[in-house]
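Asker: Here are the chains, one letter per residue:
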Amino acid sequence: MMLGVTASGWLQLGFYMCVLTALAVPLGGYIARVLSGERTVLSPVLAPVERAFLNLSQSRPNEDMTWKQYATAVITFSLGGFLLLFGLLLSQGFMPLNPQRLPGLTPDLAFNTAVSFVTNTNWQSYGGETTLSYFSQMVGLTVQNFVSAAVGIAVLAVLMRSLSRRSTSKLGNFWTDLVRINLYMLLPLALIVAVVLGSQGVIQTFSAYITAQTLEGGSQTLALGPVASQEAIKMLGTNGGGFFNTNSAHPFENPTPFSNFVELISILLIPAALCFTFGKMVGDKRQGIAIFAAMTLVFVPMTVACIALEQSGNPHLIAAGADSATNMEGKETRFGIANSALWATATTAASNGSVNSMHDSFTPLGGMIPMILMKFGEVIYGGAGSGLYGMLVFVVLTVFIAGLMVGRTPEYLGKKIGGYEIKMASIAVLLPCALVLICSAVAVLSPLGQAGIYNPGAQGFSEVLYAFTSAANNNGSAFAGLGANNPFYNSLLGLCMLFGRFFVLLPVLAIAGSLAVKQSVPVSAGTLPTHTPLFVAILIGVIVLVGVLTYAPALALGPVIEHLTMIKG
Amino acid sequence: MSFTSHIRPTLVTLGLFTVLFGGVYPLTVTAISGTAFADKAQGSLIREGDTVIGSRLIGQNFTKPEYLWGRLSATAETPYNAGASSGSNYGVNNPALHEAATARKTALGVEGPVPVDLITASGSGLDPHISPAAAEIQVPRIAATRAVPAATVRAAIDAATEGPTLGIFGEARVNVLEVNLRLDGKFK
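So the protein lines, in turn, are chains A and B.
At the far end of the first sequence sits residue 583, using our numbering, and the numbering has no gaps.
At the far end of the second sequence sits residue 259, using our numbering, and the numbering has no gaps.
The hints are all genuine.
Beta-carbon label-pair distances, calculated as ranges:
hint, chain 1, residue 1, chain 2, residue 2, range
1, B, T75, A, G432, 30 to 40 Å
2, B, T99, A, P58, 13 to 23 Å
3, B, E207, A, R300, 49 to 59 Å
Derived by calculation from the structure, the hints in this document are not laboratory data.
Values in this document were obtained by computation on a predicted structure and should not be read as measured data.
The beta carbon of each residue, even a glycine, is placed where N, CA and C say it ideally should be.
So that you can see chain B by itself, here it is in the shape it has in the complex:
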């Protein structure tokens, strides 16, 4: 069996694997996902009428005082650019890390320390969640700006809070976009 005797099997198997794994397999998954989880397969999109206003899984940039704010985002061009996901990649001693964190702390305008997830950037730059503590600390600002009772804001946050899945996996978290949709009365 020389080198040349391997050429035909190489070409044929590569061709067949390309058809199988590059075509049949992904299309089968598409068919199953599209049938069983149609909404999720398309990106868990949120619509207002015919307009897509976001995805339940992807965070949005919030800077207005009446909205709950999410993690910092280091994506290119604009924060929460879901066309070019990216983390900050700052090392622990990078001065830029310190600058971004202190700028966020100042913008939050709260006395005393804040939950660490509020002043750090997420890995994807698209993190849809913050910790419940990070949401709680923003309640007074949101309530004051909107001139609603703090309880109203807390109710929206509670409704958008999940514990660790099955009590084991992951962390408790608040979906920021969902809270803001609820506050705006747009949540369906």
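Chain A extracted, bound-state conformation:
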């Protein structure tokens, strides 16, 4: 045991990071080809489909858009997706493939769920098997799982182009990007993962729920559904909304340690690969490696800490008669501590938000780690596309701060960083922070907010804090004790998800627009290199500083007090 982590824990974490990196590098190169409009190995099959999409939509695919046109397209498409899903969920009772005859959702729950999936958050106010029909899951949620992830990647593509192009306002065509990302990237990956998961026992059926006669003479309802197809894109698209209420803890979503490994890889695969895509698209691979290194250097220590904290566990369990304090409450036997804690950090480092164990039952400090990873703004790998564009906002801030320290004009990849970029970057970084703190305060001060709290004491506050952290940063995981399926939380969390998505996405597009028109400044002795270990360290410092300074008081009131209560006994 090193640092309280078992040998098997180290081995699994090490193996995971190696496989992740080994897959992310080639995938990153492939994605660069997709985003650059080049031919790929899948073009013979998919190019006709791509042409059909673009011709039928009359979207003038070869006309590049300005950042404002691109932003309008993103918003129109997201609004359309929201209205479609909202309507579908409201009218669920009239739709086919509903063997359990589940009724339409209440308006507040339909609003929350539709916003949740369109913003790539996938917060679960809905209960999965008790709320949603196969039709809603498949035709509603699965579709948004794909396209909302693609929107994030498309916006990232614009930001990358703004850094590699010179003196232009033209940044690519949204419809072309959207179609190519979905067809060439997400669809083949999802197909592969879905079939692998099927081999492990993830179900894929349209049968009605079955009642089994149990061995002890009782009966057991077995909820079923077309799970594998949704599970694959739920993981790959950093979505995370479960088919079932307990998400990837449910054996039909995640039956074996190997399915768990495949799903874990799928969580971080695209966000990690995009770092290498970035390096390729800006013509300097070292830049992508530096960002990947910064993410990994935050991720691995946080994971190790989380494993160790869950391993050292809850002393109350020993008092209750257990042979160790190891915190198995809310965890599955087949995953154990290492895979549960690794999942908790991966899912919150990325804005995935799926769970394979119940975060509300984590030790106070062990549960604080996922919360901190979200509070960093979902940039440690982060969401599909949104993670890296969020990270690049932090890079802009870092270049600016470092420039101030040494008295030089800040520049990144040959582009001068001016006041406008810093203003937009500040909005993108600070707005989610403000949403989290203000909305948490509103909720704990109002009777409606207090009514949803489940656990007594400081943990109750942590549940509220976690919820708004998750929504405003578009993660979607929860301290699930919180009773959030009511008009108060459904509306407030829904608004947090909307603002948290679009008031980061729009400033990012604005930054892209501003950078794209600039000339390139030649590298000089005064240029701060942005691929060095020094820069990586400053970047990490800025991310941690913003997170810690903003949230330390709130974290002290929640997890820290709960921890002190626990060890007091």
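The hints should help you fit chain B onto chain A, whose structure is shown.
Answerer: Just chain B now, with coordinates in the frame of chain A:
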């Protein structure tokens, strides 16, 4: 390119994506899974004649002394309700966590500490497994109730025990339902 010029592409692409990702894609997966992994796609069901008696992947509630018991389950209405999966969501200091754990400890009726997975609830409420240590501690009770040698019970447990997959992934675990099917002579 104004707002209105985006309306047609929005409607058309949304429609086409809905057909592709909401129809063609899941049906393709259904066809592949249903062909290659027919039994698994349907839920790895266990049948006795025409009656479904459970799923190999989903735990069942066992409280009788002659059966091996699984994890605690916090699902609604009844434990191991696979129509409404749920964890307990108890925080570490929640008195209810302590009560559930001590009640289970008492019910087990063994002297001294017990493996922690036996007195805690799983995340799904449907965990089909317990640790090998948690199975071993129940051997005397099962053997005594059934009036069979402890070796018989251990053999059933061993047959239903898996190590970490490929020696790397996950934890060693015992499938509780399988053990009980074997003990009842119903395992196929």
